[in-house]
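These are the residues of each chain, in order.
2 protein chains.
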Amino acid sequence: MKHYSIDEIQGWERFYRANFVNSLSGFKPVSLISTINKEGIPNLGVFCNIVHIGADPAYIGFINRPIDAAPHTLSNIRANGLYTINHIHPEFIAQAHQASAKYPEGVNEFSEVGLTEDYKADFVVPFVLESQVQYAMELTEIIPLVMNNTFLVVGKLLHAFLEPSMLSKDGFIKLDEASSMVSLGMDAYYTTKPNVRLQYAKPDRPAAQIDC
Amino acid sequence: MKHYSIDEIQGWERFYRANFVNSLSGFKPVSLISTINKEGIPNLGVFCNIVHIGADPAYIGFINRPIDAAPHTLSNIRANGLYTINHIHPEFIAQAHQASAKYPEGVNEFSEVGLTEDYKADFVVPFVLESQVQYAMELTEIIPLVMNNTFLVVGKLLHAFLEPSMLSKDGFIKLDEASSMVSLGMDAYYTTKPNVRLQYAKPDRPAAQIDC
Numbered sequence: 001m002k003h004y005s006i007d008e009i010q011g012w013e014r015f016y017r018a019n020f021v022n023s024l025s026g027f028k029p030v031s032l033i034s035t036i037n038k039e040g041i042p043n044l045g046v047f048c049n050i051v052h053i054g055a056d057p058a059y060i061g062f063i064n065r066p067i068d069a070a071p072h073t074l075s076n077i078r079a080n081g082l083y084t085i086n087h088i089h090p091e092f093i094a095q096a097h098q099a100s101a102k103y104p105e106g107v108n109e110f111s112e113v114g115l116t117e118d119y120k121a122d123f124v125v126p127f128v129l130e131s132q133v134q135y136a137m138e139l140t141e142i143i144p145l146v147m148n149n150t151f152l153v154v155g156k157l158l159h160a161f162l163e164p165s166m167l168s169k170d171g172f173i174k175l176d177e178a179s180s181m182v183s184l185g186m187d188a189y190y191t192t193k194p195n196v197r198l199q200y201a202k203p204d205r206p207a208a209q210i211d212c
Numbered sequence: 001m002k003h004y005s006i007d008e009i010q011g012w013e014r015f016y017r018a019n020f021v022n023s024l025s026g027f028k029p030v031s032l033i034s035t036i037n038k039e040g041i042p043n044l045g046v047f048c049n050i051v052h053i054g055a056d057p058a059y060i061g062f063i064n065r066p067i068d069a070a071p072h073t074l075s076n077i078r079a080n081g082l083y084t085i086n087h088i089h090p091e092f093i094a095q096a097h098q099a100s101a102k103y104p105e106g107v108n109e110f111s112e113v114g115l116t117e118d119y120k121a122d123f124v125v126p127f128v129l130e131s132q133v134q135y136a137m138e139l140t141e142i143i144p145l146v147m148n149n150t151f152l153v154v155g156k157l158l159h160a161f162l163e164p165s166m167l168s169k170d171g172f173i174k175l176d177e178a179s180s181m182v183s184l185g186m187d188a189y190y191t192t193k194p195n196v197r198l199q200y201a202k203p204d205r206p207a208a209q210i211d212c
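Chains B and U, in that order, give the protein sequences.
Anchor point for the first sequence: position 132 equals 132 in the numbering used here, and the numbering is continuous, going up by one each time.
Anchor point for the second sequence: position 12 equals 12 in the numbering used here, and the numbering is continuous, going up by one each time.
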């Protein structure tokens with residue numbers, strides 16, 4: 001293996017370094033976040049730094065880039081506190097990626113990229129109709145990360161939509177059956193292949209395999 | 001699709017709900033975090049909520065569960081500020097998963113689970129020898145998430161180790177060639193299959209495919 005020190009990495013050309021560092025921390029759960037502005041016009045953004053924070057209450061977070069680089073999702077969430085997160089699948093990866101383009105504020109990005117607004121469950125923000133796993137969130141807190149002007153946005157789960165056939169008998173969701181995608185770096189997308197599911201690990205015995 | 005409201009989800013049995021909510025936000029970049037305690041004894045933990053925070057400076061973060069549930073990694077990082085993050089591959093997934101068991105403080109988890117300490121680059125914390133993508137971090141800030149007593153731990157990249165053959169000409173790392181794994185929910189592991197890499201998206205044109 002080769003050793004890359006931070007001194008070497010910092011000396012690289014900007015995009016080479018960005019590709020390297022963005023890839024290094026691994027594959028990410030890429031999704032489309034949908035919001036609406038004060039006039040009710042929907043916005044879409046591609047987000048991949050999504051974290052599970054807790055199951056009860058059900059908290060999920062995501063990292064938002066500095067406000068100058070990615071203003072619309074955050075300002076819409078600040079204004080009304082509501083957003084939907086929608087998985088991405090190979091059938092519409094080109095349209096989803098296009099939502100990462102910087103459209104002017106007030107442009108309906110569903111229409112621009114060719115995805116369909118799906119209003120339901122009395123939720124004012126649209127879901128992405130083409131997505132097979134959709135969930136609705138209510139803002140809990142926007143935490144500024146002062147070291148580089150990014151934000152951790154934490155919300156509470158309100159609604160989830162998916163096919164019951166994807167659920168295992170213990171509540172686990174077989175996302176590979178919907179081909180929910182992961183992203184790598186700034187622009188690469190992957191599907192997944194199941195490898196193994198293992199029992200809760202205890203110090204005194206090896207964990208056996210679980211059948212879904 | 002079926003609608004699952006938060007009222008229904010909150011009424012579910014605890015483990016069913018945990019499996020569902022943990023799966024809902026998608027596949028995660030699962031890795032082993034290695035630390036040492038004051039006596040120099042190494043600890044391993046399985047972490048999957050890892051986020052890219054910035055490329056320059058190179059900041060990477062991870063979510064640590066409440067201190068009672070997951071004390072060792074965090075207290076070691078608090079004590080000396082250093083840790084390594086190591087990708088997981090199918091060849092040692094059983095050993096890696098075993099590192100999620102709650103061993104008593106002061107037990108060498110490398111020996112317990114059957115993985116090998118790898119000391120290099122004058123870094124006091126060991127890397128995981130079996131891992132094909134390893135990186136060393138220095139603590140920047142531990143941010144308490146007050147809504148549920150978890151933590152966002154943000155660090156700065158110091159060293160990275162990987163085979164140069166995994167690097168594309170633009171700095172992108174082809175992690176699928178090393179079979180770096182993703183996890184889903186609390187106990188399922190997957191490998192990935194490349195789908196597409198797309199150019200930087202702009203409002204006025206569809207993004208073409210990139211060849212790695």
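Since the hints were derived computationally from the structure, they do not count as laboratory data.
Treat the hints with care, since some could be wrong.
Identical chains share a label here; the pair holds if one copy fits it or two copies do between them.
[As the list claims (entries may be wrong)] Each computed PhoX-like pair below joins lysine-lysine, with the alpha-carbon atoms no more than 20 Å apart:
no.: 1; residue 1: 169; residue 2: 202
no.: 2; residue 1: 156; residue 2: 193
no.: 3; residue 1: 38; residue 2: 169
no.: 4; residue 1: 120; residue 2: 156
no.: 5; residue 1: 174; residue 2: 193
no.: 6; residue 1: 102; residue 2: 38
no.: 7; residue 1: 174; residue 2: 2
no.: 8; residue 1: 193; residue 2: 2
no.: 9; residue 1: 120; residue 2: 174
no.: 10; residue 1: 102; residue 2: 2
no.: 11; residue 1: 156; residue 2: 169
no.: 12; residue 1: 169; residue 2: 102
no.: 13; residue 1: 2; residue 2: 120
no.: 14; residue 1: 2; residue 2: 202
no.: 15; residue 1: 156; residue 2: 202
no.: 16; residue 1: 38; residue 2: 2
As the structure is a prediction and not an experimental result, all values here were calculated from the model.
Open item on the list: Reference check for the pair residue 102 and residue 38, CA-CA at most 20 Å: within, between, both, or neither?
Closed with: For residue 102 and residue 38, the Cα distance is within 20 Å only inside one copy (19 Å; across copies 49 Å).
Task: Status of residue 102 relative to residue 169 across identical chains (alpha carbons, at most 20 Å) - done: For residue 169 and residue 102, neither the intra-copy (42 Å) nor the inter-copy (26 Å) Cα distance is at most 20 Å.
Open item on the list: With identical chains, the pair residue 174 and residue 193 could be close in the same copy or across copies; at 20 Å between alpha carbons, which is it: within, between, both, or neither?
Closed with: both (11 Å within a copy, 17 Å between copies)
Task: Alpha-carbon proximity context of residue 156 and residue 169, limit 20 Å - done: Classified as neither: same-chain Cα gap 24 Å, cross-chain 41 Å, threshold 20 Å.
- [ ] Up to 20 Å between alpha-carbons, please classify residue 193 paired with residue 2: within, between, both or neither.
- [x] neither (28 Å within a copy, 25 Å between copies)
TODO: Classify it for me, residue 156 with residue 193: is the Cα-Cα distance of at most 20 Å met within a copy, between copies, both or neither?
DONE: Neither, since 29 Å and 31 Å both go past 20 Å.
Open item on the list: As a check of your reading, is residue 38 near residue 169 (CA-CA no more than 20 Å) within one copy, between copies, both or neither?
Closed with: neither (42 Å within a copy, 44 Å between copies)
Open item on the list: Treating 20 Å as the Cα threshold, decide for residue 2 and residue 120: within, between, both or neither.
Closed with: For residue 2 and residue 120, the Cα distance is within 20 Å only across copies (12 Å; inside one copy 52 Å).
Task: Intra- versus inter-copy proximity for residue 202 and residue 2 (alpha-carbon distance at most 20 Å) - done: neither (35 Å within a copy, 35 Å between copies)
- [ ] Could you figure out if residue 120 and residue 174 sit no more than 20 Å apart (CA to CA) within one copy, between two copies, both or neither?
- [x] neither (24 Å within a copy, 39 Å between copies)
- [ ] At 20 Å max between alpha carbons, let me know whether residue 38 reaches residue 2 within a copy, between copies, both or neither.
- [x] Result: close neither inside a copy nor across copies, 51 Å intra and 29 Å inter.
Task: Up to 20 Å CA-CA - residue 202 versus residue 169, copy category - done: Close neither inside one copy (23 Å) nor across copies (43 Å); limit 20 Å.
Going down the numbered hints, you'll see the structure goes against 1, 2, 3, 8, 9, 10, 11, 12, 14, 15 and 16, while the others check out.
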